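Enquirer: Protein chains in written order, with our numbering: chain A, 1 to 421; chain B, 1 to 421.
Calculated directly from the structure, the hints in this document are not laboratory data.
Wrong hints could be hidden among the right ones.
Which copy? The list can't say, so a pair holds if one copy fits it or any two copies do.
What the hints assert, rightly or not - Once the Cα atoms are required to be at most 27 angstroms apart in a straight line, the calculated DSS-like pairs of lysine-lysine come out as:
1. 102 - 4
2. 3 - 414
3. 130 - 330
4. 225 - 284
On a predicted model such as this, the values are computed, not experimentally measured, just so you know.
Protein chains: 2
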Amino acid sequence: MPKKKYNAFYAQSGGVTAVINATACGVIETARKSMNINKVYAGRNGIIGALREELIDTSKESKKDIAALKYTPSGAFGSCRYKLKSLEENKAEYERLIEVFKAHDIRYFFYNGGGDSQDTANKVSQLGEKMGYPITCIGIPKTVDNDLPITDNSPGFGSVAKYVAVSIREAAFDVRSMAESSTKVFVMEVMGRHAGWIAAAGGLACEKEGDAPHIILFPEIAFNKEKFLKKVQSTVKKHGYCAIVVSEGAAYKDGTFLADAGTVDAFGHKQLGGVAPVVANMIKEELGYKYHWAVCDYLQRAARHIASETDVEQAYAVGQAAVEFADAGKNAVMPTIVRKNTKKYSWTIGEAKLEDVANVEKKMPRKYITRNGFGITEECREYLQPLIVGESYPSYKNGLPQYVELKNELIKKKVKTNFEI
Amino acid sequence: MPKKKYNAFYAQSGGVTAVINATACGVIETARKSMNINKVYAGRNGIIGALREELIDTSKESKKDIAALKYTPSGAFGSCRYKLKSLEENKAEYERLIEVFKAHDIRYFFYNGGGDSQDTANKVSQLGEKMGYPITCIGIPKTVDNDLPITDNSPGFGSVAKYVAVSIREAAFDVRSMAESSTKVFVMEVMGRHAGWIAAAGGLACEKEGDAPHIILFPEIAFNKEKFLKKVQSTVKKHGYCAIVVSEGAAYKDGTFLADAGTVDAFGHKQLGGVAPVVANMIKEELGYKYHWAVCDYLQRAARHIASETDVEQAYAVGQAAVEFADAGKNAVMPTIVRKNTKKYSWTIGEAKLEDVANVEKKMPRKYITRNGFGITEECREYLQPLIVGESYPSYKNGLPQYVELKNELIKKKVKTNFEI
Chain A
1 MPKKKYNAFY AQSGGVTAVI NATACGVIET ARKSMNINKV YAGRNGIIGA LREELIDTSK
61 ESKKDIAALK YTPSGAFGSC RYKLKSLEEN KAEYERLIEV FKAHDIRYFF YNGGGDSQDT
121 ANKVSQLGEK MGYPITCIGI PKTVDNDLPI TDNSPGFGSV AKYVAVSIRE AAFDVRSMAE
181 SSTKVFVMEV MGRHAGWIAA AGGLACEKEG DAPHIILFPE IAFNKEKFLK KVQSTVKKHG
241 YCAIVVSEGA AYKDGTFLAD AGTVDAFGHK QLGGVAPVVA NMIKEELGYK YHWAVCDYLQ
301 RAARHIASET DVEQAYAVGQ AAVEFADAGK NAVMPTIVRK NTKKYSWTIG EAKLEDVANV
361 EKKMPRKYIT RNGFGITEEC REYLQPLIVG ESYPSYKNGL PQYVELKNEL IKKKVKTNFE
421 I
Chain B
1 MPKKKYNAFY AQSGGVTAVI NATACGVIET ARKSMNINKV YAGRNGIIGA LREELIDTSK
61 ESKKDIAALK YTPSGAFGSC RYKLKSLEEN KAEYERLIEV FKAHDIRYFF YNGGGDSQDT
121 ANKVSQLGEK MGYPITCIGI PKTVDNDLPI TDNSPGFGSV AKYVAVSIRE AAFDVRSMAE
181 SSTKVFVMEV MGRHAGWIAA AGGLACEKEG DAPHIILFPE IAFNKEKFLK KVQSTVKKHG
241 YCAIVVSEGA AYKDGTFLAD AGTVDAFGHK QLGGVAPVVA NMIKEELGYK YHWAVCDYLQ
301 RAARHIASET DVEQAYAVGQ AAVEFADAGK NAVMPTIVRK NTKKYSWTIG EAKLEDVANV
361 EKKMPRKYIT RNGFGITEEC REYLQPLIVG ESYPSYKNGL PQYVELKNEL IKKKVKTNFE
421 I
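Please model the entire structure based on the sequences and the hints provided.
Expert: Shown next as structure tokens:
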């Protein structure tokens with residue numbers, strides 16, 4: 001008699017990326033071939049979907065549509081910012097999860113997210129031991145911030161990195177053309193409130209002396225206005241223009257974000273603007289240069305049209321590996337990207353315990369930032385470069401990328417009670 | 001005895017685009033085959049290069065590098081914002097031009113720019129008649145603003161349009177994924193201080209009911225705060241989120257730009273911020289929705305990585321046609337894009353007199369904007385759609401687009417005097 005198959009729950013968690021759907025594709029395509037997994041139910045809006053018993057039946061989606069996820073940015077099933085408390089603090093949430101999982105024959109839990117999410121996954125993995133419900137729990141890495149530990153890098157980051165490097169190169173070409181009689185300084189704001197990985201990626205565009213970006217402002221380096229303005233001035237004098245990448249997390253020595261430093265609106269309310277206009281105005285006031293600035297915001301993490309092929313492949317691979325881990329009977333682990341010790345970049349899939357991943361932030365090492373604090377070192381470049389390699393273009397129709405929208409049919413609820421989030 | 005060949009002067013003028021170098025490629029490649037033109041000298045930083053006698057000898061550039069211009073954004077020879085006064089107002093400038101042209105055997109003048117530049121080209125075309133210097137003068141259209149008259153569209157616009165439509169689609173997918181528990185409103189600011197063509201292009205991303213963008217704020221439609229907020233609210237209620245494209249030129253009824261409406265910095269100075277944060281803050285204060293905003297700025301007009309193939313082809317074609325016009329003995333004209341009356345979009349090159357083009361702004365017709373003022377009509381879509389069709393990817397190395405940097409060797413000066421700009 002063949003072994004009984006159980007259903008799996010898959011959820012996307014936290015900020016979405018250009019390639020998290022490629023991971024979903026890896027999970028679903030692999031699960032469809034699994035000897036142990038029956039159907040994959042996706043949480044509508046992440047873990048909230050499990051708590052509310054809003055489960056999307058992915059078996060209703062065509063093979064073609066699931067394959068198209070590989071080329072579609074964002075979270076196809078919806079994501080959420082919701083962190084489970086500990087078992088001791090909020091047992092009701094866990095009881096609810098068990099109730100829903102039991103009702104729908106779910107014994108596999110795949111949780112696709114960053115550090116917080118791996119913490120949630122780790123807590124769920126303990127349901128078996130602590131509450132007597134047999135569940136196999138696999139975390140799957142994802143974060144544009146690249147701050148997950150153990151894994152060499154996080155799926156989602158490579159594509160943001162590519163977007164940022166391409167964008168600053170293009171905009172700098174533009175500014176350089178105009179600098180003689182117009183804009184001399186360009187400031188581009190990128191994500192990364194706590195770590196400078198994304199800002200550092202801008203540095204990849206600088207391949208030879210004089211290339212942009214000329215200055216990168218990292219969250220890791222306390223902002224020194226005088227030193228910064230001096231650097232801007234000397235760059236404009238030397239190259240005729242200056243292109244700057246600034247992390248949203250750039251801050252003064254006392255920890256105050258530059259973005260929060262003093263701007264008020266007409267009513268005296270503190271304004272939550274970006275850091276780019278703050279830096280640009282500073283330059284205008286002190287040096288008098290004409291400036292332009294851009295804030296990439298969601299565009300950078302949604303830019304599937306310029307995704308890194310390496311990133312897409314890794315995103316798919318961690319999804320696939322997660323199901324293979326579950327099939328192999330593993331629990332409370334997360335697939336990782338392991339950089340192989342080869343001359344030409346190559347990688348393979350490794351494995352980390354969720355308890356080692358949860359709530360640990362991988363900071364950018366100081367040795368990745370140049371001594372003056374405004375650029376990246378060769379060692380940093382060697383680390384980052386392979387992650388943006390390769391293009392993986394979506395298909396286009398009428399000049400626009402064709403991103404799939406799934407049917408996202410909810411299965412019938414079976415649990416009698418509702419659960420308030 | 002073969003006819004004597006003369007040199008040509010080519011200059012890029014005003015804000016650069018993702019495809020103005022494709023036009024330069026068209027000019028130079030065609031001129032290299034011309035029976036009348038000897039060398040093409042490019043102005044270093046546009047017309048300023050002619051006044052300063054800073055002429056780049058394009059014959060020193062390899063065939064391969066000139067071909068690579070087709071894939072390189074920005075102005076390869078430098079551009080400028082500099083408008084010649086009329087002959088009556090500043091005769092000295094024109095005398096200087098003749099002095100430089102004469103010294104370098106230049107009898108062809110190709111000027112690549114927008115409305116102001118076509119005005120300059122028109123003035124230069126009169127040098128023959130008014131000052132006895134034989135010159136053939138051809139204007140070449142370029143502007144991301146799409147506001148040149150007579151031509152069906154302007155090279156440079158199609159690529160910005162594609163960038164904007166792709167970006168709002170991608171960011172909206174992202175916001176929709178997160179809206180249940182996080183960001184509900186996304187605001188993306190685009191260029192176009194006087195006309196809403198670029199903002200309108202965002203509307204192409206909306207292909208069916210409910211698609212983003214849900215609201216476009218045009219410079220042509222006076223901003224009505226109450227009506228706008230109501231629309232935001234009803235959109236969030238209906239679709240769960242709201243994606244907005246706002247033109248930098250969006251303004252109140254009295255003409256005040258939204259971007260200028262009252263923000264001051266900590267020192268009480270009026271702050272030249274973007275319009276996106278102003279709109280986003282308005283929504284936060286009145287409706288309480290969590291928001292994100294992006295300002296595309298130069299990224300949109302430099303984004304060669306996602307240029308429209310149609311745009312690239314047209315940009316090349318107007319460069320080629322300009323030289324062919326000169327070869328045919330024409331003067332004081334500009335090649336135009338003519339939309340053919342075919343079911344499937346097709347186009348050909350036409351011809352306009354510079355005097356008809358100079359200083360005329362093509363506004364967006366009211367019939368291109370929906371009655372409620374927040375979207376584009378079918379007629380507008382039919383006009384815009386073909387302009388973004390096709391992808392024309394640059395080549396990549398190490399994950400980055402390979403944009404050419406020319407040698408830009410200046411020829412030896414011959415004129416004894418300097419000219420102060």
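Enquirer: Could you run down the list of hints and mark each one as holding or not?
Expert: Each hint, compared with the structure:
When the C-alpha separation of residue 102 and residue 4 is checked against a cutoff of 27 angstroms, the pair qualifies only within one copy, where the shortest distance is 15 angstroms, while the shortest distance between copies is 90 angstroms. Within a single copy, residue 3 and residue 414 get their C-alpha atoms as close as 25 angstroms, which meets the 27 angstroms cut-off; across copies the closest is 90 angstroms, which misses it. For the identical chains of this complex, residue 130 and residue 330 are intra-copy neighbours only, at 18 angstroms inside a copy versus 87 angstroms across copies, given an alpha-carbon limit of 27 angstroms. Taking the closest pair of Cα atoms, residue 225 and residue 284 come within 27 angstroms of each other only inside a single copy of the chain (13 angstroms); across copies the shortest separation is 31 angstroms, beyond that limit.
Checked against the numbered hints given earlier, the structure satisfies every one of them.
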